[in-house]
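Student: These are the residues of each chain, in order.
Protein chains: 2
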Amino acid sequence: MNLILFDTSDIRADATVDATGVQARHLVTVLKVTKDQQVRIGVVDGPLGVGTVTAVGDGRVTMDCTFEAESPERPRVDLLLALPRPKVMRRLWAQLSALGVGQIILTNASKVERDYFDTHLLEADGYRPLLLEGLQQARDTRMPVVSVHKQFRKLIEADLDGLFPKGRRIVAHPDGEATIAHTLGHSTERVLLAVGPEGGWNDFELALLRTHGFTPVTMGPRTLTTTTACIALLTLVHYQR
Amino acid sequence: MNLILFDTSDIRADATVDATGVQARHLVTVLKVTKDQQVRIGVVDGPLGVGTVTAVGDGRVTMDCTFEAESPERPRVDLLLALPRPKVMRRLWAQLSALGVGQIILTNASKVERDYFDTHLLEADGYRPLLLEGLQQARDTRMPVVSVHKQFRKLIEADLDGLFPKGRRIVAHPDGEATIAHTLGHSTERVLLAVGPEGGWNDFELALLRTHGFTPVTMGPRTLTTTTACIALLTLVHYQR
Numbered sequence: 001m002n003l004i005l006f007d008t009s010d011i012r013a014d015a016t017v018d019a020t021g022v023q024a025r026h027l028v029t030v031l032k033v034t035k036d037q038q039v040r041i042g043v044v045d046g047p048l049g050v051g052t053v054t055a056v057g058d059g060r061v062t063m064d065c066t067f068e069a070e071s072p073e074r075p076r077v078d079l080l081l082a083l084p085r086p087k088v089m090r091r092l093w094a095q096l097s098a099l100g101v102g103q104i105i106l107t108n109a110s111k112v113e114r115d116y117f118d119t120h121l122l123e124a125d126g127y128r129p130l131l132l133e134g135l136q137q138a139r140d141t142r143m144p145v146v147s148v149h150k151q152f153r154k155l156i157e158a159d160l161d162g163l164f165p166k167g168r169r170i171v172a173h174p175d176g177e178a179t180i181a182h183t184l185g186h187s188t189e190r191v192l193l194a195v196g197p198e199g200g201w202n203d204f205e206l207a208l209l210r211t212h213g214f215t216p217v218t219m220g221p222r223t224l225t226t227t228t229a230c231i232a233l234l235t236l237v238h239y240q241r
Numbered sequence: 001m002n003l004i005l006f007d008t009s010d011i012r013a014d015a016t017v018d019a020t021g022v023q024a025r026h027l028v029t030v031l032k033v034t035k036d037q038q039v040r041i042g043v044v045d046g047p048l049g050v051g052t053v054t055a056v057g058d059g060r061v062t063m064d065c066t067f068e069a070e071s072p073e074r075p076r077v078d079l080l081l082a083l084p085r086p087k088v089m090r091r092l093w094a095q096l097s098a099l100g101v102g103q104i105i106l107t108n109a110s111k112v113e114r115d116y117f118d119t120h121l122l123e124a125d126g127y128r129p130l131l132l133e134g135l136q137q138a139r140d141t142r143m144p145v146v147s148v149h150k151q152f153r154k155l156i157e158a159d160l161d162g163l164f165p166k167g168r169r170i171v172a173h174p175d176g177e178a179t180i181a182h183t184l185g186h187s188t189e190r191v192l193l194a195v196g197p198e199g200g201w202n203d204f205e206l207a208l209l210r211t212h213g214f215t216p217v218t219m220g221p222r223t224l225t226t227t228t229a230c231i232a233l234l235t236l237v238h239y240q241r
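Chains as they are written, first to last, in the working numbering: chain V, 1 to 241; chain L, 1 to 241.
Just chain V, same shape as in the assembly (with noise of 0.2 angstroms):
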């Protein structure tokens, strides 16, 4: 834990807030924070700050908090990612928001098992404390906005350009055309980065994704799981920025 981030309501009116939990414990355990000692703090969807320890005890750290006059930059890259099984999107969560995602948009496919989607995982209660870990990781405050659609192709032909309305779609595929550098080149618009399932998107998948305007974009030779994909490819998308 690299930072404490609050919800902008645990903030009181004099600029003090308490951190509780697991953030209390990182703080004693960890940190080790006595009075007056300063810790990087932050607002979800807000800037990032310093608090200065006022009180420790009971399971609980009093600060007083500054905050600087500028929130991070949303990310400017968003993924459109077909479901991986429960275990592996579990670990992904805090990987990809500690990479930094503006919006995450999970979607079926004909190679997603159908019972991947019943988890308590897609919904906020599940993923979001995984997005805080890794914000908190990567000093971030921009949460990534999730979306969940169990209708691949309902989700492309109406609901994505709503979602992602203007900038660079990219899908990640073994017969891709370019690499990202040749795709991207300099420009700085949005980009949508579609990654597949294990198995890959399928020959009707791949195609209305072309319609919808993504260019393939490959990564070399090597089949990755979708972990490594994810995470290979988002670092690549944002290093040619």
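Below are the BS3-like pairs computed for lysine-lysine, each with C-alpha atoms no more than 25 angstroms apart in a straight line:
{"id": "1", "chain 1": "V", "residue 1": "Lys-111", "chain 2": "L", "residue 2": "Lys-32"}
{"id": "2", "chain 1": "V", "residue 1": "Lys-111", "chain 2": "V", "residue 2": "Lys-87"}
{"id": "3", "chain 1": "L", "residue 1": "Lys-150", "chain 2": "L", "residue 2": "Lys-166"}
{"id": "4", "chain 1": "V", "residue 1": "Lys-150", "chain 2": "V", "residue 2": "Lys-111"}
{"id": "5", "chain 1": "L", "residue 1": "Lys-87", "chain 2": "V", "residue 2": "Lys-87"}
{"id": "6", "chain 1": "V", "residue 1": "Lys-111", "chain 2": "V", "residue 2": "Lys-154"}
{"id": "7", "chain 1": "L", "residue 1": "Lys-111", "chain 2": "V", "residue 2": "Lys-32"}
{"id": "8", "chain 1": "L", "residue 1": "Lys-150", "chain 2": "L", "residue 2": "Lys-87"}
Chain V side only, calculated, beta carbon under 7 angstroms to chain L, not exhaustive:
{"id": "9", "residue": "Asn-2"}
{"id": "10", "residue": "Gln-95"}
{"id": "11", "residue": "Ala-98"}
{"id": "12", "residue": "Arg-222"}
{"id": "13", "residue": "Thr-223"}
{"id": "14", "residue": "Thr-228"}
{"id": "15", "residue": "Ile-231"}
{"id": "16", "residue": "Ala-232"}
Since the hints were derived computationally from the structure, they do not count as laboratory data. We put the CB at the ideal spot given by N, CA and C, even for glycine.
Guided by the hints, dock chain L onto chain V, whose structure is given.
Tutor: This is chain L only, laid out in the frame that chain V set:
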């Protein structure tokens, strides 16, 4: 499993081979192979090839093999990694071999707990199946060479020139002077990438690395976990060449 890898000793003189165990189960239950079907095979540290199924049954799939003339090139990136905790390292093995590394040099560091070394996963019997899994995922045959070092200083001062005699040495560090792209340019030399423990290298370690030719490179302001950082950095180094 996008490739079935065998050891040279598994291949009989008449160019036939038996897949057993996990590999046979994968062929039978996932690929549902039948007689005369062809599947991608390879020899560890040898060539890729094609297996033609001649018999299925008794937990065994027998194939006739043909192999390419050339073996895949050894990945031109090596990794020097401060040993992460066993749970993290367990998941990392397959990801590293899938991304492609020539050797994995694991080391102690001041922020590595001593008991991280007490795991079966640092013995060949423990890690080799996991490395194999990554190679089979990525369709590579080149098994990374692994060495484990409990004394960081001795590793850097005495052993490293033997392990990595020639090439570029870089160390990932938040205060790094330049990006990977800038540091590596279009060089095609081997690269040794050093990745520190979760809490970072300490000043002594970083100074020792610099004295021994490592250039600090930065990935930007985000602090990533070991797993995410390794995948992101290896991706960037590979992509740069």
